[in-house]
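Participant: Protein chains in written order, with the working numbering: chain A, 2 to 814; chain B, 17 to 177.
Check each hint, because a few of them may be wrong.
Unchecked claim - Cβ-Cβ distance ranges computed for the label pairs, FRET-style:
{"id": "1", "chain 1": "B", "residue 1": "E111", "chain 2": "A", "residue 2": "P52", "range": "35 to 45 Å"}
{"id": "2", "chain 1": "A", "residue 1": "P516", "chain 2": "B", "residue 2": "L79", "range": "39 to 49 Å"}
{"id": "3", "chain 1": "B", "residue 1": "T140", "chain 2": "A", "residue 2": "S741", "range": "20 to 30 Å"}
Simulated from the structure, these hints should not be mistaken for lab results. All residues carry an ideal CB built from backbone N, CA and C; glycine is no exception.
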Amino acid sequence: MLEKNHQNSGAQKTTSSAADRYQVIGKPMPRHDAWPKATGETIYAGDYKRPGMLYAKALRSEYAAAELVAIDTREALAMPGVAAVLTAKDVPHNETVTRFGQTHTVGGFEGLYRVLADKKIRFKGEAVALVAAKTLAIAQAAMEKIKVTYKPLEGVFDPETAMQPDAYPVGEDASNVVCSYKVRKGDVAKGFAAADVIVENRYRTQMVDHAYLEPEAGVAWLDDDGVITIRAATQVIEHFRGIADVLGVPQNRVRVITPMLGGGFGGKEDITVETYLALLVQKTRKPVSLTYTREESILAHSKRHPYVMYYKTGATKNGKLVAMEARLISDAGGYVYLSPWVLLYSTVTATGPYDITNVKVDTFTVLTNNTFTSANRGFGANQPCFAYEAQLDELAKKLGMAPLAIRRKNYLHTGDALASGRVLEHAVETEQTAVKALEALGPPSRPRSDRQRIGQGIASGISPYGRMMFLHDTSRSFVSVELDGSATVRCGVQDLGGGQASTLAQITAEVLGIPMEKVTVFHGDSSLTPLAGTTTATRQLYMSGNATLKAAAAVRQNLLRKAGTMMAVDPDFLDIRDETVFVQTARKPWVITESESGECQVTYGGDRGDLIAAEMCPDPDPDKTLPLRDVIRAAAADGIALFNVAQFNAPARELIDFKTGQGQVWPDLTFGTVAMEVAVDIETGTIEVLKLISCFDVGQAINPLSAEGQLEGGAVYGLGYGLTEDIILEKGITLTPTLSEYLLPTAMDTPAVRTIMLQSGGGIGPFGAKGIGEPSNVPPAAALANAVANAIGVRVYDLPVFPEKVLKALGRI
Amino acid sequence: MKTYPITIELNGEARNTDVSATETLLDVLRNKFDAVEVKNGCEQGDCGACTVMLDGKAVNACLVLALQASGKAVTTVKGIGSQTSPHALQRAFVEQGAIQCGYCTAGMITAAKALLDEKSTATTAEIRQAISGNLCRCTGYKKIVAAIESVAKKEPATHKR
Numbered sequence: 002m003l004e005k006n007h008q009n010s011g012a013q014k015t016t017s018s019a020a021d022r023y024q025v026i027g028k029p030m031p032r033h034d035a036w037p038k039a040t041g042e043t044i045y046a047g048d049y050k051r052p053g054m055l056y057a058k059a060l061r062s063e064y065a066a067a068e069l070v071a072i073d074t075r076e077a078l079a080m081p082g083v084a085a086v087l088t089a090k091d092v093p094h095n096e097t098v099t100r101f102g103q104t105h106t107v108g109g110f111e112g113l114y115r116v117l118a119d120k121k122i123r124f125k126g127e128a129v130a131l132v133a134a135k136t137l138a139i140a141q142a143a144m145e146k147i148k149v150t151y152k153p154l155e156g157v158f159d160p161e162t163a164m165q166p167d168a169y170p171v172g173e174d175a176s177n178v179v180c181s182y183k184v185r186k187g188d189v190a191k192g193f194a195a196a197d198v199i200v201e202n203r204y205r206t207q208m209v210d211h212a213y214l215e216p217e218a219g220v221a222w223l224d225d226d227g228v229i230t231i232r233a234a235t236q237v238i239e240h241f242r243g244i245a246d247v248l249g250v251p252q253n254r255v256r257v258i259t260p261m262l263g264g265g266f267g268g269k270e271d272i273t274v275e276t277y278l279a280l281l282v283q284k285t286r287k288p289v290s291l292t293y294t295r296e297e298s299i300l301a302h303s304k305r306h307p308y309v310m311y312y313k314t315g316a317t318k319n320g321k322l323v324a325m326e327a328r329l330i331s332d333a334g335g336y337v338y339l340s341p342w343v344l345l346y347s348t349v350t351a352t353g354p355y356d357i358t359n360v361k362v363d364t365f366t367v368l369t370n371n372t373f374t375s376a377n378r379g380f381g382a383n384q385p386c387f388a389y390e391a392q393l394d395e396l397a398k399k400l401g402m403a404p405l406a407i408r409r410k411n412y413l414h415t416g417d418a419l420a421s422g423r424v425l426e427h428a429v430e431t432e433q434t435a436v437k438a439l440e441a442l443g444p445p446s447r448p449r450s451d452r453q454r455i456g457q458g459i460a461s462g463i464s465p466y467g468r469m470m471f472l473h474d475t476s477r478s479f480v481s482v483e484l485d486g487s488a489t490v491r492c493g494v495q496d497l498g499g500g501q502a503s504t505l506a507q508i509t510a511e512v513l514g515i516p517m518e519k520v521t522v523f524h525g526d527s528s529l530t531p532l533a534g535t536t537t538a539t540r541q542l543y544m545s546g547n548a549t550l551k552a553a554a555a556v557r558q559n560l561l562r563k564a565g566t567m568m569a570v571d572p573d574f575l576d577i578r579d580e581t582v583f584v585q586t587a588r589k590p591w592v593i594t595e596s597e598s599g600e601c602q603v604t605y606g607g608d609r610g611d612l613i614a615a616e617m618c619p620d621p622d623p624d625k626t627l628p629l630r631d632v633i634r635a636a637a638a639d640g641i642a643l644f645n646v647a648q649f650n651a652p653a654r655e656l657i658d659f660k661t662g663q664g665q666v667w668p669d670l671t672f673g674t675v676a677m678e679v680a681v682d683i684e685t686g687t688i689e690v691l692k693l694i695s696c697f698d699v700g701q702a703i704n705p706l707s708a709e710g711q712l713e714g715g716a717v718y719g720l721g722y723g724l725t726e727d728i729i730l731e732k733g734i735t736l737t738p739t740l741s742e743y744l745l746p747t748a749m750d751t752p753a754v755r756t757i758m759l760q761s762g763g764g765i766g767p768f769g770a771k772g773i774g775e776p777s778n779v780p781p782a783a784a785l786a787n788a789v790a791n792a793i794g795v796r797v798y799d800l801p802v803f804p805e806k807v808l809k810a811l812g813r814i
Numbered sequence: 017m018k019t020y021p022i023t024i025e026l027n028g029e030a031r032n033t034d035v036s037a038t039e040t041l042l043d044v045l046r047n048k049f050d051a052v053e054v055k056n057g058c059e060q061g062d063c064g065a066c067t068v069m070l071d072g073k074a075v076n077a078c079l080v081l082a083l084q085a086s087g088k089a090v091t092t093v094k095g096i097g098s099q100t101s102p103h104a105l106q107r108a109f110v111e112q113g114a115i116q117c118g119y120c121t122a123g124m125i126t127a128a129k130a131l132l133d134e135k136s137t138a139t140t141a142e143i144r145q146a147i148s149g150n151l152c153r154c155t156g157y158k159k160i161v162a163a164i165e166s167v168a169k170k171e172p173a174t175h176k177r
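Could you build the full structure based on these sequences and the hints that come with them?
Facilitator: Structural data, given as structure tokens:
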């Protein structure tokens, strides 16, 4: 097992050993998809065209809460050039239940999902009707001719109000509370009694948008065989099943293809354009294109949940945390979507990367008439991080301790247990990341004027990679070699821009001993590539990386067996490097292991001493070599399989106990720390970020350029959450529907992020990698808020830390 | 609807079409000239994904009316270089990991090219300012700025107007 390698051998922790061991892994290199993107040749979802293609538009609700009384589509339908106008009554199965898990259905929480609005409008932006027409202009004009009669209703827009028993019901159920969880450890009353200092506060986080540069888009058509084929920007091609259910056709009659995405971040995890396109194709039997406008994207796709969080934390005078009590309320918006699971992530990570003696956590997610909320990079880990990291700093201030000092008294380490009882058996290097991040921050800069205050802050985060274990997650990948020595990977991954496909090329190149340029990856086709599950939950490197590793290792084994015969050498002593098979006496080959519970892992066999090698290898002639291509040709002539399809199964557990929170939710977690230095202008409240350090244990960087890119991008994604990004709603109406009102960090607002990657080798991804896509964006907002508090001596408790909130905190306005 | 004939020199090639008074350069490039390398991110001038060079100046194609572009030269990222004959900026973006999802890349490279054409020895601050209208959600800008810097410093002579 990889983690055993990590635990047994300190030497293997060093990057130099990884560099020696691998040819391709751990080496910075351009991704295979970089060149076409640099030269404008990548055809994204909205760039694609089909002959005779129609253009679609969705009419969206004018109200956040209303009864849908009547829809009159006659005038729109009569317009020349209009091919179809659809409303809820035209959808074969308009109402379905959001089920959790693509293949393994988990009970407990089911949310109503309506393709098109019916009966009751639950948020503004809900699609009421669809139009397909010969041109976009006609579709737009037809949409404006649809007459909808609404009866506006009162609505409820604050989750704490919506929780009350007599609150306006958002949906058909009497209660707006979707679900709640608890974590119980020890006795918080006793813990607080033993505490020397206690801090207690309310923290709030805002709604934010994913704001990928590519709005939701897709084109769909009927293929020659009548299969509804949808080429769309999605993180989940396996929605083909749900789409088929809506259409009332067999699941193998719907195919979803995903080209390279222009970003996802969780916002393309739920269905966006796909079902609309499929319905219009089913109706018109013509190709249909649908691209959201930016405003439509902001109004109609999921958002990150706003939270209200009440935290109370007690510590002894030497800084040991003895009790933490937290009550979290999240705003689910108009529909359930993934809210129960986002809340579960928040619940289990609510106490942060800390060992706390007594814990009481209560969490709730509540429907309102706001835009619906679902997955957003971090999936519920970001909000509590803002709160618990503020609590740590507030305790440190009361105790006269340094922020790092109090954290070092409480960090969880490998082998410790979370409050949910889950023992962290894999690498936990949080303390190291904090020490290194703070060290890199250096001494505070000098203020440049007497209005400026300099502050430094840190925040450590905990967030998982890999899906919740009760979903019984799997991924599949196909690897083959061709007669000319090139290799092909077929894998159903969705590539959001994080290098999800390119990584598979790199892994295959490493295992087969060929250059990465010789590997071609076909990805993201629900009918033609083996299904690899969702590109969500920071799971693709872990899941599809392992599946590809397993498939490539099997192909390698077939080739080496043949080479062994050809060279008259035990195949156990053969290795491939630079497209040449040679006698390897220094180490064991790749090994596929299967644990008792059926979990599969492919591992590096580890070093073997020269002595043993000399004894075991019958012919350790280092000069004996064969070109890989000759071996492939000979194997092909013998009918030996030159391909393998492998499935990787993540370890599975059953549902945790929702009353106590006890149990294991994820296969592993990632830990890291962000350190920041800010300059605050006390006259204007403006914040300038002077330094931003991101330090994470990435396990093993497969491609350091990509891994750094995830840390840098995650840091700035999190910085926007802390500084400027805010979807402002007034009674369910979005006041920030454009990118000039919803403010992303620009190149002018962003410091050059310094990244520090620890490589413990202690992850459960291929080669000991951990997932970092989501974890990297968890701590920055908390670090920013802590740095600002350090600069001005008072704290802003609500994100984002806008200048006016700074001035209010300072008592200046 | 009344239309007007226009001629645009797209990446060195004269292209003709008829446009209405309200059509934008972005509409024409993407829908009539199939120049889909010019990305549509917001159609409001906020994101910079549709940046092209109009007679050498970086503009948001969504904010330029097609009629305004008539008789002018439009350069997209495809006019800057190709895989067989790449521009130094494209090479730097690829080699230094400045590309993730790639949706901002065409506009970003075009904005950088316009800057370096104007001032081959642009400073870091000037680079950051020049691309401040080009949003990137993936990279945090560091590798993008570094890639442009590497070209600005390495090959100042080739970028004079």
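Participant: Determine for every hint whether it applies to the structure shown.
Facilitator: Do the hints match the structure? See the list:
no.	hint	verdict
1	B/E111 / A/P52: 35 to 45 Å	holds (38 Å)
2	A/P516 / B/L79: 39 to 49 Å	holds (44 Å)
3	B/T140 / A/S741: 20 to 30 Å	holds (26 Å)
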